[in-house]
Amino acid sequence: MHKNLSHEEITPPEYSFYLGCVIPNRYPFVEQATRNVLNELGVRLKDMQGASCCPAPGVFRSFDIPTWLAIGARNIAIAEENNADLVTMCNGCYGTLIDVDHQLKTDEKKRTFVNNHLVKIDKKFKGSIKVKHLAEVLYMDLGMDKIRDSVTRLLGGLKCAVHYGCHLTKPSAIRPWGGETEDPRFFDELVEVIGCESTDYKDKHMCCGAGGGVRSAIKEVSLDFTRHKLEMMREAGAECIVVMCPFCMLQLDLGQIEVNSIFKDEISAPFAIPVFYYTQLLGLAMGMHPNDLGLVKHHNLKGVPPFVDQEPILSRIFKELGYDYKQLQKQSVKTES
Amino acid sequence: MEYIKRNRIDKISAKISEEIVKDDLELIRACYQCGTCTGSCPSGRRTALRTRAVIRKALLGLDQVLDDPDIWLCSTCYTCFERCPRQVPVTDIIIKLRNLATQKGRILAPHKSLTHLLIDTGHGVPINDKKWNDLRESYDLDPVPPTVHKYPSAVKEVQTLVKSLGFDKLVEYKPPVNTNSKKDEKPEKKEEKATRKGRKSKIKK
Amino acid sequence: MEEDLKIGVYLCHCGVNIAGVIDMDELEEFTKTLPNVNLVRQYKFMCSDTGQSMIKDDIKEGLVNRVVVAACSPRMHEPTFRRAIESAGMNKFLFSQANIREHSSWISMKDKEGASRIAKDHIRMQVAKVSKLESLQPQKVKVTPNALVIGGGIAGINAALDLAEQNFHVYLVEKTATIGGHMAQLDKTFPTMDCSACILTPKMVDVNQHENITLMAYSEVDNVEGYVGNFKVTVRQKARYVDTEKCTGCGNCAEECPVTVPNEFDLGLSLRKAAYLPFPQAVPGYYTIDMDHCIKCGICADPSVCEPDAIRYDDKDKFVKLDIGTIIVATGFDPFDPTALKEYGYEKYDNVITSMQMERLLSSYGPTLGKPVRPSDLTAPHSIAFIQCVGSRDFHPGRGHKYCSRVCCMYAMKQARQYMEKHPDAKIYIFYMDIRAFGKGYEEFYEIASREYGIMFIRGRLSEVYEDPKDKGIWLRGEDTLLQVPVEIKVDMVVLSVGIEARDDSDKIASLLSIQKTEDGFFMEAHPKLRPVDTLTDGIFIAGVSQGPKDIPDAVAQAKGAASSAAALMAKGEVEIEPYFAVIDEAICTGCKACNSMCPFGAITFDKISGISVINPAKCKGCGTCVAACPFGAIAQNHFKEEQLDVIIRSVLKEGGVY
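First to last, the sequence lines map onto chains A, B and C.
Heads up: the first sequence is residues 1 to 337, going by the working numbering.
Heads up: the second sequence is residues 1 to 205, going by the working numbering.
Heads up: the third sequence is residues 1 to 659, going by the working numbering.
None of these hints come from the bench; they were simulated from the model.
Check the hints yourself; a few may be wrong.
Said to hold, decoys possible - In silico lysine-lysine, BS3-like type, Cα no more than 30 Å apart, as pairs: (1) Lys156(B) - Lys126(A); (2) Lys130(A) - Lys22(B); (3) Lys130(A) - Lys163(B); (4) Lys219(A) - Lys159(A); (5) Lys163(B) - Lys126(A); (6) Lys46(A) - Lys120(A); (7) Lys621(C) - Lys132(C); (8) Lys470(C) - Lys159(A); (9) Lys104(B) - Lys150(B); (10) Lys427(C) - Lys202(A); (11) Lys508(C) - Lys402(C).
Since this is a predicted model, take the numbers as computed values, not measurements.
If we strip away everything but chain A, and leave its shape as in the complex, we get (with noise of 0.2 Å):
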């Protein structure tokens, strides 16, 4: 890949890339497109080696606080160790570990507890660096200037229902979007910089139901949130969902597939609304090759995500953009350099 050499002279900006879950284990495409992505805008990537799960907010936390607190924490140590801010992809993640981060960097009584557990793997919380969610990471970080300057080509006006998702602004408290949680715009803005309409639909700031802790235990229940988001998106003309979060991704992605199937008698139709992961979009819009955006299928392997065939909207976008999407699909991953 051809990269660009920043000509300022100041050191690049650095994170610790927190993988989570469900990107590295079941969204894959997600890892690969941030990385390339976040590279391109000259920001480098510190892998946090042997991170485990965040622990998810919504079971985790549920069953046990100090548990919870105690495996946060130890991520963020990793973090810390590597001396760079932590950029999470993933709502939940972003859920847990900023508000442990909050909680371990507030309250010393809490700290110390965690510290004397964490004493025992040879790891302690400092406090030392800060937890970000990659929106905040663009939107703030790099900022919305650079985003627009490092956009080449737009996406010719694709109908996106954007998902914000729960944990990505609540609770305000402990966000940097200043309390705002009713209309946040700051998605929207991202979306339409790369030449998306964000298209408005009833409920757009309702929770997906995956989280929580219900997905895993009451899935039909889940399932009927994301029942109704997709009839809210499909009602407002929407072609694609753009999320930044694997969870919600999940969740409306192999959702669908579930709801057209548990809700068969009570949908009017079948749902088939792609899913993308923000910076699949962004990357294009960058010029970048959709080949290192995960968008082009390269395997046989059956059960796997996507689940909704992303084939029909992203052939029509690639040929705006001068790809073909079969040729694209040919390509093998080893005989591309």
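Given the coordinates of chain A, work out where chains B and C should sit on it, guided by the hints.
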């Protein structure tokens, strides 16, 4: 007889709310039962969850709040908390109630298996099938991510923490055959040693 | 020759307020050990007649010549005890009060031993101080029999009329072009349903015609100097660009004016011209040109339009200086702006309006001549939901205020009833948390609203709304908390029952007048129960909603109370002020003038003849700035002399007290 219902509250106590207050959640007592939370709740629109009633039951110390499945229907979206005019941390209170329910053994079965996955692998959603490694590879990524999956010592660290906090006992975790821990005196001990791979294959099915 | 010090210390139990926390016998034993203490007594309520008599008798019998009362805050009862002492023939400044209630038993209720230690320190300090106090003679100053009333709403109007009737001259200063305030915007008033304008406008006319009232509308207080009885107030009369001597109020200018702007009186629901009269019954009835929007086209100035030639494009603000004895602040309130509660869709959805807008829609001289319509299609809504507590009882910073606004329950029911009188078939819902119908005739009003009108009360605070894009109806989401079921219903229009908040310029007023505000943003009364219309600045009173949310009857009652308090001061003609002024020791003063410019009250002048600085006791407020500024220690402040303060500090330091 079916019309005779002798339901009544015959005991009111602060035992649940005191547990909650202890965890820096004293604002639960500020709740004035306005219903903003319930009306904002995407789960309540399709389930029996009534966040306001959950708070009320907790304040009155009714055990039912820990026994009913309602508290497990919250997707933790925090809309209720953001809108609450008395700034009651409704979501965090529900989480705390779930902690208390778990201590009573009320954790749901699928959740329990999830905790065992975490203890076994360090991931809540682990790579438990080769297809995921292959999928990673197809996107030009290392088939094994640089997480706990790549560093066996890291899994051990997570397990050490879990034991140190007594979480394994809380969720009735029984380790599979484990070569790493000599102290284990569980029945599986007798089985032949398994490598980490062996354990993974066990999860696979 | 100094007489022997005989200090009497009187320990007050204040019922259980003090004695319930502090061991009074032990405190008495301790007090007896303090220097120069001749006598210690304790009693249940020192402020009672019996308590006061104890002190008086001891003085008369020559047992004490200095008095310390250890009780509540001196803010409460210092005047009481001083009066008692004076009546027994002792100089009242030889008294000191130790606050062992607010500063000790109340704050350390759970730590009895700590409370006791603090109480001892307070007594120790006051005993030390009283031993150094000197006799002083109180100062008397004249009170100018002129009152300034700031704000021409229903409170200000009533205060002004009451004072004027007692033959005091009143300057009524109103910020906007007319008096009448928010009440002029209301259609009817609860619970009696009388027409607001019908009861208000006669009062407005009275104000305008009263020989003892100088109405200064479209004016603002610019500066206030001086002190009780002797305020020097500067009022800025804003340029109206219309000669009020000549304007006949014919309205030709407004008719011909080509510029239209949203009418604030109708909260943007109608338009007015740049040349305008706020509403038909406005007082004074002069037109005003809004220069922020006027394009100076000259049409209104044309003799064919303004026959009396009253238009003055070159009009300028005028500054008028007034001599004022007392001031009444009645600046009113702002309605809460619900935009920040985005989930309620105000300004996002056409058919979500505020209660003030509804009031204008219901008004016979409102934009729809009293036939309410919904903004999206100007049709009469078949269903309306009133949403209570918008901006009230909300502890979330930026989303409202903690307090109850006290009027919204009643006005919502009133508006609902009014609408149903015009549209008996309309469906009216009121989403509420608690109905607060506490005034005279209010509960009865509520009962009629339910029984006779069939208004549907839903007990639940609204959670969110969304618009039906097809017909612009509004969907409501909330919970019926009584049934424990989520509610999702659609109505044609939503009225947000917005609360009341302190005026956005109340900070400015507070600093102009040196008065305080409470945490809620409203002006602070001197005592929440017993001095509800006084402020902590002598001679300045508060009335109406500027002190806190209240309905019209309460606002009027408070205005009349404030007028009465102000009148009492002015009727007496003179007022006693504490002689705590600073004095320059002529023998030490070098005439360096360092103090002259430091004085914030302009009380110090340089006397060329004697070559030293002189302090005017009438102007001196006893702030002590000059005392600290004097490089030679030539200035001392009565009652706060260096040795009087020094001895207090030494008394605790020597004994290693808590402080």
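Verification of the hints:
The hinted pair formed by Lys156(B) and Lys126(A) meets the criterion: a straight-line CA distance of about 22 Å does not exceed 30 Å. This hinted pair checks out: Lys130(A) and Lys22(B) have alpha carbons roughly 28 Å apart, not beyond 30 Å. For the given pair, Lys130(A) sits about 28 Å from Lys163(B) by alpha-carbon distance, which is consistent with the 30 Å threshold. Simply put, Lys219(A) and Lys159(A) have alpha-carbon atoms about 29 Å apart, close enough for the 30 Å limit, and the pair holds.
Distance restraint check for Lys163(B) and Lys126(A): the Cα-Cα separation of roughly 22 Å lies within the 30 Å cut-off, and the hinted pair is therefore satisfied. For the proposed pair Lys46(A) and Lys120(A), the alpha carbon gap of about 25 Å is at most 30 Å, so the pair holds. About 22 Å separates the Cα atoms of Lys621(C) and Lys132(C), which keeps this hinted pair within 30 Å; it holds. At roughly 21 Å between alpha-carbon atoms, Lys470(C) and Lys159(A) fall within 30 Å of each other, so this suggested pair holds.
For the hint pairing Lys104(B) with Lys150(B), the CA-to-CA distance comes to about 36 Å; that exceeds 30 Å, so the pair is violated. With a C-alpha separation of about 26 Å, the suggested pair Lys427(C) and Lys202(A) falls inside the 30 Å cut-off, and the hint holds. At roughly 23 Å between alpha-carbon atoms, Lys508(C) and Lys402(C) fall within 30 Å of each other, so this suggested pair holds.
The structure is inconsistent with hint 9 alone, although it conforms to all the rest.
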